[in-house]
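Sequences are here, hints too, so could you generate the full structure?
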Amino acid sequence: MTAIDIKPKRRSSNRPMWDEEPSFIGKSLKSLFLIAYAAAIVVPLWAIVATSFASEDALTKAGGNLLLVPTDLTLAAYREIFSGGALTDSLVLTIILTVGGTAFSMVLTVCGAYALSRTGSLLHRPILMLVLFTFLFGPGLYPSFLVVQKLGLFNNYLSLILPVALSAFNLIVLRAFFMNTIPGELLDAARIDGAGEFRILLTIVLPMSKAILAVVALFYAVGYWNIYFSAVLYTPGLETQPIQVVLQRMLMSTQGLPDGASAAAQYQPQGEAAPTAALKMAVVVCTVIPIVIMYPFIQKHFTKAVITGAIKG
Amino acid sequence: MATMQSAAPPTSARTPNAPVVKRKRTAAQRLRHDWPLLVLALPVIAQLALFFYWPSAWNIIAFMDYSPHRPFWENPFVGFAWFQRLFNDPYFVPALLNTLKFAAAHLMFLFPLSVVLALVMHSVVSTKVRSTFQSIVYLPYFFSWVLVVTVFVQVLGADGLVSNWLMGLGGDRLSFTSNPDTFLLLAWMQWAWKDAGWGMIIFLAALASINPSLYEAAAVDGANRWRRMWHITLPGIRPVIILLLILQIGGILSVGFEQYQLQRQAVGYQATEVLDTYVYYRSVIGTEGASFGTAAGLFKGAIGLVLILGANKIAHRLGEQGIYQKS
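Heads up: the protein sequence lines correspond to chains A and B, in order.
Residue numbering for the first sequence is 1 to 313, as defined by this note's numbering.
Residue numbering for the second sequence is 1 to 327, as defined by this note's numbering.
In short, the hints are calculated from the structure, not lab data.
With a straight-line Cα cutoff of 27 Å, these simulated DSSO-like cross-link-like pairs (lysine-lysine) come out:
no., chain 1, residue 1, chain 2, residue 2
1, B, Lys128, A, Lys300
2, B, Lys101, B, Lys313
3, A, Lys300, A, Lys30
4, B, Lys128, A, Lys27
5, A, Lys300, A, Lys210
6, A, Lys30, B, Lys128
Take a look, some chain B residues computed to stay more than 12 Å from chain A by CB distance:
no., residue
7, Asp65
8, Pro76
9, Phe77
Nothing here was measured: the structure is a model prediction, and the numbers come from that model.
Just so you know, even glycine gets a beta-carbon here, dropped at the ideal spot from N, CA and C.
This is how it looks when you write it as structure tokens:
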């Protein structure tokens, strides 16, 4: 009924002809739900950013850890982070880990995915099985820890990269892309013209897969940037820790104690004053910013990649 | 080369109809032809061998009285003694039950939330609203657990935003982020905040693959909104739902480490202990030995393996594709 007498001025021009306009109550409930859900994510993030710029006076006046409306803005917290102390070291370390780890992971994944994209080649099936089995079983926390020790990687930054360098999921996603999107005739033609596998990979396959390579790289990068568990397990004795570990230590200074404000004084890195809420929130902002910058790109290409991986894997 | 030749026959034996090779070639010929691919696969094989299969093999010490101070083969085999000890440990069973509790809650309360979010989103016609909302809800998926816990403490903690409002209104200080009795609810809220958007994106992609003319035909036949959802939408995303369910069931004992370890100090170990944190605190940094921790981990891994294979088998029985096809 309503499908026929569509009002031409209504914004729902995307609604197909056969679809009835939802009731006012239904629409309002839906909008309310969506707005509440989005606010639950946006408001805390906004408060964190606002607090990171707040001065100590403004924080004390507000009497809490988070401010919704920033007054009396200052960059003091950021100056402290980048002033060359432990926090700067931690950020530099995390950036190096992220860049180095991602590069290493990409080499592994691209080579493996291309090798496994050629069905029927020698040992193709057993190698694929080796990769797929990792989805079914986990070797367990203690044996992994033991192996890292046996390899002499305990308390060595390499233990933050090597054990997690390969994601079987990413490899399968990339392999599916190579198999389904790059025309086999093109590769066959190159082979007939005498190009070797390495050359085909470098000059044909990689240039045709730029978008998905970037997505996979960003996934690895987010993983390395967020490293926490590996550092707790494998490198507890090192002085400079990844940024997530540092953030966790700052958080622990107040969390879980009945009167958080006074407990903050217990945490004093190298005899300095306890971290203010502004400093903590500035560290949070620093850990979020790279992700937010990468985010639009991931989002653009991600869904397709996941679906290929989920369905073809 | 000899190893290549001996390794090749099982390939074809295990999968009689998979690779359609145009002409029969000997393994030596194939090696000459395919060696670059093997070289390319080598780094992956090495990484898996070192950091997946080698640790997997070390699981054997769960059946030994292992000590790092003597040569490996002098460690005596003790059968299932460590597993027996595990079940007699007063902390193990609570950790196992907690793990199952969190996994079940995740399955029952987070999974449907993602589906509901996707269905609501799917019914929004404005592309602008859709893309904005998707961007917002999906963003926290990329945040670390440290960050998520920080956000929750800052907002719902004793000194947090909400607590301060309540106190400003004359109420009491919130103890939500340190209350063991409500930790399950807190954990669920954290999952919803961090991961529900990811599930939503997956289901939305599945929804987008449903042929729109089905809806049109049903609408013309007089099916209303709800009937269309029941008869077209839900059957349309059933394979994806089942695939994700299988993966979840397989990982049911792998509820994660970070979320629980990070809140252990605040909430207390009784409410937050799961199998992974149990292994870490009892064995890696605790006083129990390597064999004990390995046995606990192997118990988890073995159950996970059985569950994922079982769930997949059931999916095949139900006529679904599951995680792998029987090719």
